[in-house]
Amino acid sequence: MTMATLERRAVLGLGGALAAGVTLAPGMTLLAAPAERTEASAGRRWAMLIDTNKCTPNCTSCLSACRKENNVPLFGEASRDIHWIRKVEIRDKEQRRPTVNLPVLCNHCENPPCVHVCPTEASFVRKDGIVLVDEHRCIGCRYCMIACPYKARSLVYHETKRGPESNPEVPIRSKGVVEKCTFCVHRLDNGQMPACVEACQGEGKGAMLFGDLNDPRSEIAKRLHTVATKTIRADLGLKPRVYYQGL
Amino acid sequence: MIDEFAAIKGDSQGYWKLLLGMGALLMLGGLAFIYIEVNGHGVTGMNNTVVWGLPHIFAISLLVMASGSLNLGSMSTIFAVKHFKQFGRFSAFLAIVMLAGGLAVLVLDLGRPDRMLLVMMHMNFRSMFTWNVFLYSGFTVLCFLYLWSMFQYPQFTKVAGSAAFAWRFVLTTGTGSIFGVIHAREVFHSAITAPTFVAISLTSGTALSILLLLTTFRLTERELDLRLLHALRNALIFFLLLVLYLLIVEKFTKFYSPAFYDVESWILTGSYAWLYWGGVVLLGVVGPLLILFNSHWGNQIGGIALASVMVVVGLFCFVGFVLIAGQAYPMNMFPGYEMSSVFQDGMEGSYTPTLWELMLGLGGVGVSGVLYLLGIRFFRLLPKKATAPQGWDVAWHP
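So the sequences go chain by chain: A and B.
In the working numbering, each residue's number is its place in the first sequence (first place is 1) plus 8.
In the working numbering, each residue's number is its place in the second sequence (first place is 1) plus 3.
Okay, chain A solo, but in the shape it has when bound (with noise of 0.2 Å):
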């Protein structure tokens, strides 16, 4: 082997490198993607209905089955503990209508404004419509919750840790991060309903639906047909996919 051909070789071995790496370059990341982004389908829109006449004061089943599912801890601390989903209760300044009990959860925005301020875009729209935070990607710069209309997202202010009853599917809560409700995505891909519905038409009061707001035969796509619902702060422009019955 001749040092000319020697060179001839390195050099085309270098450029073909070069392309190589030119043509793959902008499909790669540094960081892995979620497996979850490629699983999803366009064609789909996740939506919730909750009806909140059937909402009563004291049920909470929704909170724990969402808390045990996602491995959401309670710090004790009130101001700083983290809430995929809470209870809350509305009354009319003017007592003119009755007080209502709902729960509140990410609204899952086709516009949201999470996503608009996210500097890393840890923060992202799936493409069935879930907004989902990276945690990886994520640097607990909070811009998100400054943003949020809904209060649905929190700061992880302590650290966690993966405990026996914790649930294998899904990571621990990540300290310095920022996190929300993700529909239980995970639940989802699996075919399954996210817990929060599953308890609620279980143990609980049957407030809950959710489905598919693309496919026509779907019971939420029916209901939003039929029932007069409304979605939080509308005048925002946010097009939430949370629905409420009886607000």
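Think of the hints as simulated: they come from the structure by calculation, not from any bench.
Keep in mind the model is a prediction, meaning the values are calculated, not measured.
Each hint should be verified, as a subset may be incorrect.
[What the hints assert, rightly or not] With a straight-line cut-off of 20 Å between C-alpha atoms, the simulated EDC-like cross-links for lysine to aspartate or glutamate are:
no., chain 1, residue 1, chain 2, residue 2
1, B, Lys-387, B, Glu-224
2, A, Lys-101, B, Asp-265
3, A, Lys-230, A, Asp-220
4, A, Lys-183, B, Glu-40
5, B, Lys-257, A, Asp-220
6, B, Lys-88, B, Asp-228
7, A, Lys-101, B, Asp-228
8, A, Lys-101, B, Glu-341
9, A, Lys-169, B, Glu-40
10, B, Lys-85, B, Asp-396
[Unchecked claim] Which bits of chain A does chain B cover? Going by a derived footprint, with three or more residues having C-beta under 8 Å, they are:
no., segment
11, 165-172
12, 180-193
We treat Cβ as the ideally placed atom computed from N, Cα and C, and that holds for glycine.
With chain A fixed as given, assemble chain B onto it according to the hints.
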């Protein structure tokens, strides 16, 4: 008119004490960062309602002053006030060091500061934070070029100074827009929030420059012409009136609409009204104006210095008010309803900063202080003697 520039000797006990003091603040900041990083933000006073606290007040105040620190340079380069040319180097350098201090606190208060590089790798151009990354780095580069041109290539000073001047307005608009664009927060969602930040950068930057020039010149026994100080006083008065105007216009606009009665009444009479009236209005604007318009105090070094201190404290109050009151005001999720929950919905957020946060914030001041002290010792940033032309005087005195 422009005397020779000279670095300070920096061999006095006073200099070393100041440097050690600022270095100690920097170390405290470093310690606080490590402690918060190891233990999580649970050791701060922040919570899930007030998610930005004292470190952000320090960071944003330093960033706002960074932009305003360029005032003196811009006055000579853009507005051809020739006797301010001697402060051009000081001005551009001060802008850089204030920016460094502010950014240090901002980055070190992240929940995951170890992932800071991700901001460079995954950019979301809809985010004001992403824009601010470019604005801050661009501003630093332009200030360096401006400084460099003043040192070595005076023919480029006009271009570099003009670019830095334009950039600083965009920069502070970007800082103010972090708050102004957020629709969910009624206290600070306003088109006028960003211009108010720009105006306050003008007042606080000028006030900081006055204080640093007075202190540096006095401690190094250099002469500072009182007429120059009077010119800065007049600029400060003009900027203060601009802030007052913007504050009044905002309140007038908001109170014109019944939709804002609740939030505006809360601002003026609620839990943080003391900070608004006492800190923002009285200490930050009206008090300094009363001093500077006074025919005795307004012409005295002591009076101008006191007014400048008040303006700088007023900036911290303004940023503190925007941040803390802005987050503490309950979010109006169900207009017409009162709400309550275990997540403190419908309640005012509470926030009591901890010592760690104060240390982290002061660490930023330490960064700026150390850099400033080293800068004036190793570079020819300040004139040996700052004078105005003979026979010249400012157009107006109180």
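Here is how each hint holds up against the structure:
1. B:Lys-387 to B:Glu-224: With Cα atoms ~9 Å apart, Lys-387 of chain B and Glu-224 of chain B stay inside 20 Å; holds.
2. A:Lys-101 to B:Asp-265: 13 Å, holds
3. A:Lys-230 to A:Asp-220: Cα-Cα ~10 Å, so holds.
4. A:Lys-183 to B:Glu-40: 10 Å, holds
5. B:Lys-257 to A:Asp-220: 41 Å, violated
6. B:Lys-88 to B:Asp-228: Status holds; Cα separation ~14 Å.
7. A:Lys-101 to B:Asp-228: 63 Å, violated
8. A:Lys-101 to B:Glu-341: 6 Å, holds
9. A:Lys-169 to B:Glu-40: 17 Å, holds
10. B:Lys-85 to B:Asp-396: Holds: Lys-85 of chain B and Asp-396 of chain B sit about 13 Å apart, inside 20 Å.
11. 165-172: holds (count 3)
12. 180-193: As far as the segment 180-193 of chain A goes, the hint holds, because 4 residues have Cβ atoms under 8 Å from chain B.
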